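Listed below are the residues making up each chain.
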Amino acid sequence: MISKELLDILACPVCKAPLSLGTDTLKCSACRRVYPIRDGIPILLEEEGRIENQ
Amino acid sequence: MSHKDRVREEFTRQAEAFAAVAALHNRERLDRLVNAINPAPDARALEIATGPGHVAMAMAERCREVIGVDLTDAILALAERTRRERGLANVRFQRADADQLPFADAEFDIVFCRFAFHHFEDPTVAFREMARVCRVGGRVAVEDLAASEIPERAAFQDQFERLRDPSHTRALSIGELARMFGARALEIETAYSSEVVQPVEYWMSYSHTPPDRAAQVRTLLARDEKEDLSGVRPFRRDGQLFFIQKTVALIARKLPPLPPQSRAGGGV
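Chains as they are written, first to last, in our numbering: chain A, 1257 to 1310; chain B, 25 to 292.
Chain A extracted, bound-state conformation (with noise of 0.2 Å):
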C-alpha cells in the first residue's frame, strides 16, 4: 500500500515531476512514463517505465 506521506516524496525518476498513483501503477504527470507497483512496492526505475499513449 502506497501511502499519501510516501507519494508525496516520491518522484519520476528521470523527469523528477510528481507521480499518479493508479490501479498497480504510478504516473508520471509531466513525462506521462507508467511504473508498475508489484507486491506493493513501486518499480521506479527508467527502464521499467513505459510510456502511454495519450
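None of these hints come from the bench; they were simulated from the model.
The reader is advised that the hints may include incorrect statements.
Pulled a few chain B residues facing chain A out of the computed Cβ check, cut under 7 Å [what the hints assert, rightly or not]:
hint	residue
1	A60
2	N62
3	A98
4	Q118
5	A120
6	F127
7	E131
8	R261
9	D262
This structure is a prediction, so every number in the text was calculated from the model and none was measured.
Ideal Cβ placement from N, Cα and C applies to all residues, glycine included.
Given the structure of chain A, go ahead and fit chain B onto it with the hints provided.
Only chain B this time, still in chain A's reference frame:
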C-alpha cells in the same frame, strides 16, 4: 553486459554471504557512523545502495523514518527479512537507481551511503542526486574505501579489488571524495578514517571469486607485500595473508545557495 547488470549479478550471487560480513554489521562501526551523523529524532533519512540494510536499520533506531534503496532485488529481500525479524516499522526498502533517485528535491533531512561508491561507474552522478534530495541544512554522509592519493597506487588497489569483484569500479581517495562535497556546496563538518583488516582468503570466499582470478589477486598482493605498491600493507600472520583497507567517512551540511557577493574574488 552493462556495469549495472554486473552489479546486480554480483550482489545477487553474493547476497547471503555478503549480508553476513562482519565488517558490515559490526555494531561499533554502525554506531560510530550514526553518532557522527547525529540524526534529530524527527528526521527522515534516505540510504543509497542500502544492500542488506544494516546502516538503514541502525539509523532507524534513532530517527523518525528511513528509506533504503538499492538496485538489486535479491539483497533488498534480505534487508526486508531482517527488518521484519527486528520488528522495525519505520524503515522501508525499495528498488531505485542511485543515479536516478525517484524522489522530489529536498525531501530528506539526512542522505547517506556506505561502502558503495567504489561500485559506481560515475560517483559524481549518484552524489549529485544525494545532494539534490537533501534539504538545505540537512546532512549528507558518505563512508567508503579510501584509496591512495597517488593515482598509480590507487590503480594498483583497484586492479586487485576488481579481479576479486568485477562490480568494483574505482575507489576514490579522501581528496577526491572531499572535493565532490565542495563542488555541491556541502560543508564537511565531521570526518574520520578507519581500517578494515581483510583476511584475503575469507574476503575472496564471500565474493565467490573464481580460482583463476583468486590466484591473480594472491600474486598481486604478494608483490604489494614486498614492494609497497598500493598502501594496503599486506602482511602474514600464522601463514595467512591479510591486507588493510583504509576507509573514510565524511559528514557534511548542505548550505543554502551562496549569495552572489560571497563568491570567489570578493573585491570591494
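Here is what the structure says about each hint:
1. For A60(B), the interface hint is violated, the least distance from its beta-carbon to any beta-carbon of chain A being 25 Å, above 7 Å.
2. Nearest Cβ of chain A to the Cβ of N62(B): about 22 Å, over the 7 Å cut. The hint is violated.
3. For A98(B), the interface hint is violated, the least distance from its beta-carbon to any beta-carbon of chain A being 14 Å, above 7 Å.
4. Interface restraint check: Q118(B) against chain A, minimum CB-CB distance 5 Å, threshold 7 Å, status holds.
5. For A120(B), the shortest C-beta to C-beta distance to chain A is roughly 6 Å, which falls under 7 Å, so the interface hint holds.
6. With a cut of 7 Å, the hint placing F127(B) at the interface with chain A holds, because the nearest CB-to-CB distance is about 5 Å.
7. The beta carbon of E131(B) is positioned within 7 Å of a beta carbon in chain A (closest approach about 4 Å), and the interface hint is therefore held.
8. The criterion of a C-beta within 7 Å of any C-beta in chain A is not met by R261(B), whose closest approach is roughly 45 Å, and the hint is violated.
9. Among the interface hints, the one on D262(B) is violated; its C-beta lies about 47 Å from the nearest C-beta in chain A, farther than the 7 Å criterion.
When held up to the earlier numbered hints, the structure conflicts with 1, 2, 3, 8, 9 and fits the remainder.
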